[in-house]
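S.K.: Read off the chains here:
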Amino acid sequence: MDVGIVSYGAYVPRFRIRPEEIGRIWGVDGKGMGKGLMINQKSVPGCDEDVVTIATEAARNMMARVPGVDPKDIGAVYVGSESHPYAVKPTASIVAEAIEATPDMTAVDMEFACKAGTAGIQACMGLVGAGMVRYGVAIGADTSQGAPGDALEYSASAGGASYLIGSENVIAKINRTLSFTTDTPDFWRREGQPYPLHGGRFTGEPAYFKHITSAAKKLLAAAGAVPSDYKYAVFHQPNGKFPTRVAGMLGFLPEQIETGLLTPSIGNTYSGSVPLGLAAVLDKAQPGDRIFVTSYGSGAGSDAFDITVTDAIKSYKRENAPTLEKVLANPVYLDYGLYAKHKGKIIMSE
Amino acid sequence: MSSVAREWREIPGRYNLEGSKCECCGKVYFPKRDFCPKCRRESLGKVSKHKIDRKGDIFSFSIIHEAPECNDFLKPYAVVFVKTKDDVLIAGQLVDADLDKIQIGMPVRAVLRKLDSDGASGVIHYGFKFVPDV
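Those protein sequence lines, which keep their order, are chains A and B. Start counting the first sequence at 53; every next residue gets the next number (the working numbering). Start counting the second sequence at 85; every next residue gets the next number (the working numbering).
No lab work stands behind these hints: they were computed from the structure. If you're wondering where the values come from, they're calculated on a predicted model, not measured in any experiment. Please note: incorrect hints may appear among the correct ones.
Here are the simulated lysine-lysine pairs, DSS-like style, with alpha carbons at most 27 Å apart [stated by the list, open to error]: (1) A:K124 - B:K159; (2) A:K124 - A:K87; (3) B:K169 - A:K124.
Chain B regions said to be covered by chain A (calculated; three or more residues, Cβ under 8 Å) [to be verified]: (4) 121-133; (5) 184-198; (6) 208-214.
Have a look at the derived ranges for each label pair, beta carbon to beta carbon [stated by the list, open to error]: (7) A:D81 - B:V218: 32 to 40 Å; (8) B:A175 - A:K393: 24 to 32 Å; (9) A:Q245 - B:D171: 35 to 43 Å; (10) A:K141 - B:F157: 18 to 26 Å; (11) B:S87 - A:K397: 57 to 65 Å; (12) A:K393 - B:D202: 17 to 25 Å.
For every residue, glycine included, the Cβ atom is placed at its ideal position computed from N, Cα and C.
Isolated chain A (complex conformation):
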């Protein structure tokens, strides 16, 4: 049985802020900071947007592209995020209701820093492959947190993408997936705390680079493949610098990662990061294109995927929902005051 992506949809809020505007507030060279991180601007949610609304928009875009799929045939909805609006009360049940997949299905919220969306894809693959569900929905979405003045504030952004996983009319077959996981405390947010903390440079070599290269090398070996076998590659994008460097370490060329590298224009969408990068690739992909994907979640782990685009993409109704190029068009730029309001950083009177 071929299990893979039957449909996908993406959404990014229309608001943006530039690093120089953030730097202006904290008295640092924001432009230089952005240049170092390879981030020109980042997305910001609207005042009435959160992970529920972002995930729903992405999921509705996904369903619009497969008008022949009955949402009642969806047996599982998983939403991966580290900014679920409720601590207790699932995002997934709200999204499932909004796409009319309820009630004969299972739903759960997932969290594994930036990789909960790809973990959801793997869980759906298992359920579909085992014949337990006909379709599963895996969503990665975030309205990421970064403490004011911290380096993360220049990157933490908002957006998400949704994937319909099944075995019928698969537009992109997932040939193989594997993961690499260890207990590495490089980034965390304690219960009830508004902002995460991180280990600074510790987030690099022993965390991001070790896990991505380990998962990627194991997948290449298991698939008997080399980087040049792939048309596209997508790596987790906490900034523009890390995925560019890890691609080089693994032997991928800049042109292989260019299409799926969205961080320079939207920042780090955390759980939405790799799902959005893959969506940007699927917006352009043609039958036979092979795609290499490796996510990373702090704490720490990586999920790697070997994907081949099928002939079914030719009859797939990609035009029924906006491509990422269209989603990202006509942004509205905010100053820091409006950004603070959008992010709920202003304490209001009761």
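Place chain B on chain A using the hints.
M.R.: This is chain B only, laid out in the frame that chain A set:
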């Protein structure tokens, strides 16, 4: 604070524009109703669920400068009357739009957004708002 149960009952309409249709005269209503005011007694038991099209055009609009507390962060904003593809008029908020570019006849579509919440600890209410359909 609103009743959680009351808000819950309104979910089908608020999330997915579930309205109703009179099987006698074919008229579509939103929000849903159990009784057709045109067919009256004839319609009893003959009003079925009907999903309203999420797309439509602006029929009329107004810019709101004095907002209720739940929309304090969004003002000024537009409230629109939208004529949907099923010829139903629905009132709602228009967001993600440039206020000086809103026009009667402009195509819009319904999306899910936060409407309100019962304070910092209470339930969050989600429902439809309109955005430009570009």
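S.K.: With 32 to 40 Å as the target window, see if D81 (chain A) and V218 (chain B) comply at their CB atoms.
M.R.: 36 Å, holds
S.K.: Please test the hint of 24 to 32 Å on the beta carbon pair from A175 (chain B) and K393 (chain A).
M.R.: For K393 (chain A) against A175 (chain B), whose Cβ atoms are near 26 Å apart, the range 24 to 32 Å holds.
S.K.: Check, residue by residue, whether the stretch 184-198 of chain B contains three or more positions whose beta-carbon lies closer than 8 Å to a beta-carbon of chain A, and give the verdict.
M.R.: holds (count 4)
S.K.: Does K87 (chain A) sit within 27 Å of K124 (chain A), going by the straight-line distance between their CA atoms?
M.R.: It is violated: about 47 Å lies between the C-alpha atoms, which goes past 27 Å.
S.K.: Taking 17 to 25 Å as the stated bounds, is the beta-carbon spacing between K393 (chain A) and D202 (chain B) within them?
M.R.: 21 Å, holds
S.K.: Taking only the CA atoms, is the gap from K124 (chain A) to K159 (chain B) under or equal to 27 Å?
M.R.: Answer violated: K124 (chain A) to K159 (chain B) is near 38 Å, above 27 Å.
S.K.: Between K169 (chain B) and K124 (chain A), is the straight-line Cα distance small enough, at 27 Å or below?
M.R.: 24 Å, holds
S.K.: For the stretch 208-214 of chain B, do at least 3 residues have a Cβ located nearer than 8 Å to some Cβ of chain A?
M.R.: Coverage by chain A holds here, the residue count being 3 at a Cβ distance below 8 Å.
S.K.: Determine whether the Cβ-Cβ distance between K141 (chain A) and F157 (chain B) falls within the hinted range of 18 to 26 Å.
M.R.: 23 Å, holds
S.K.: Taking 57 to 65 Å as the stated bounds, is the beta-carbon spacing between S87 (chain B) and K397 (chain A) within them?
M.R.: 31 Å Cβ-Cβ, so the 57 to 65 Å window is violated.
S.K.: Do Q245 (chain A) and D171 (chain B) keep their Cβ atoms within the hinted range of 35 to 43 Å?
M.R.: 51 Å, violated
S.K.: How does the stretch 121-133 of chain B fare against chain A when you require at least three residues with a CB closer than 8 Å, holds or violated?
M.R.: violated (count 0)
The structure fails to meet hints 1, 2, 4, 9, 11 from the earlier list, while all remaining hints are met.
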